[in-house]
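K.L.:
Below, each chain spelled out in residue letters.
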Amino acid sequence: MTAQQDIKADSWSVAGRTFTSRLIVGTGKYKSLEENAAAVEASGAEIVTVAVRRVNISDPNQPRLMDFIDPKKVTYLPNTAGCFTADEAIRTLRLAREAGGWNLVKLEVLGEAKTLYPDMRETLRATETLVAEGFEPMVYCVDDPIAAKQLEEAGAVAIMPLGAPIGSGLGIQNRVTIRLIVEGAGVPVLVDAGVGTASDAAEAMELGCDGVLMNTAIAEAKDPVLMARAMKAAVEAGRLAYLAGRMQKRRYADPSSPLAGLI
Amino acid sequence: MSVDQSLGIRVNGEQRRVPGGISIASMLGELGLDPQRVAVERNLEIVPRSTLDDVSVEDGDAYEIVHFVGGG
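Protein chains in written order, with the working numbering: chain G, 1 to 263; chain S, 1 to 72.
Hints are computed from structural coordinates only; laboratory data are not their basis.
Computed from a prediction, not measured in an experiment: that's the story for all the values here.
Virtual Cβ for every residue (Gly too), placed ideally from N, Cα, C.
One thing to keep in mind: the hints can contain errors.
[To be verified] Some chain S residues close to chain G (C-beta under 8 Å, calculated; not the full set):
1) SER26
2) GLU30
3) GLY32
4) PRO48
5) VAL66
6) PHE68
7) GLY70
8) GLY72
[Stated by the list, open to error] On the chain S side, residues computed to face chain G include the following (Cβ under 7 Å):
9) ASN12
10) VAL18
11) LEU31
12) LEU33
13) ILE65
14) VAL69
[Claimed, not checked] What follows is a set of in silico ranges between Cβ atoms, one per label pair, in the way DEER data are often shown:
15) S:GLU45 / G:LEU170: 35 to 43 Å
16) S:GLU45 / G:ASN103: 45 to 53 Å
17) S:PRO48 / G:ARG179: 38 to 46 Å
Modelling step: build the complete structure from the supplied sequences, incorporating the hints.
P.N.:
Here it is as structure tokens:
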């Protein structure tokens, strides 16, 4: 089997839906809908996050995301970005379910504007209500193995710990807690937020994550379409490295050429 | 209700007047919106798309009409 076939065979599932790509991309911050669509194409992503916002009733004929990214080809994952309470997030997702007609959603309840850190008390409360209403929430959370377990017990279909603050591009700040979350989880784990460049995405995958979600790292690159390609390659490389099982680290050198037969 | 039988409602925070007796689906049409692409909340309750033709707009109603836009 070639590496390419390996990647194809290596799918993952969330809430009964199976995907080949392990990269989920956001659709915010792009210069244009055309550039956004080209970046999604280059990323190979099968899921994109979208926001739920008021229609512009003064100008209902503005270009629409759905005209550029076809929801029949790419799964739209409605997100609650911008919600600071459980009630706001639940209200937003009820509308999202009506707009899209599906239950798979991404929940994030933010604690404050400066760090955009999740408010875990509100996040857990919203998860419980959404699950009771039949939603299948993928949940943005702190990189805390205990909080992750509590979300899973509440019915989260995927755990999405931050690698670093949203939009910061700082890369994974705590490899240990991400690894602990992966080891303890019975549902997919995806690093959501904090990825800045390709090596950050590869690192998340090498830690055993099922996938990575990013927006700003692609949208704010000088060439977003090229960065989307880079992220696709990085996620695949990191996944393959995880499956291959890395060598043990040594404290000192170990020659690669045989010592026997030296002249 | 005013003398001309029109209704005063709020749509996405803006005051609007619409003709009396119209359905929510007709109101969306007046606003130039495709019911298949939006979700409607009326007085904080979701109006299922399948019932948009059946529910009448009432004086004083507050509507939120949303759709999907780019986001992270």
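K.L.:
Hint by hint, note whether the structure agrees.
P.N.:
Structure-based check of all given hints:
no.	hint	result
1	SER26	violated (15 Å)
2	GLU30	violated (10 Å)
3	GLY32	holds (4 Å)
4	PRO48	holds (7 Å)
5	VAL66	holds (5 Å)
6	PHE68	holds (4 Å)
7	GLY70	holds (4 Å)
8	GLY72	holds (4 Å)
9	ASN12	holds (4 Å)
10	VAL18	violated (12 Å)
11	LEU31	holds (5 Å)
12	LEU33	holds (5 Å)
13	ILE65	holds (5 Å)
14	VAL69	holds (5 Å)
15	S:GLU45 / G:LEU170: 35 to 43 Å	holds (42 Å)
16	S:GLU45 / G:ASN103: 45 to 53 Å	violated (19 Å)
17	S:PRO48 / G:ARG179: 38 to 46 Å	holds (44 Å)
Checked against the numbered hints above, the structure violates hints 1, 2, 10 and 16; every other hint is satisfied.
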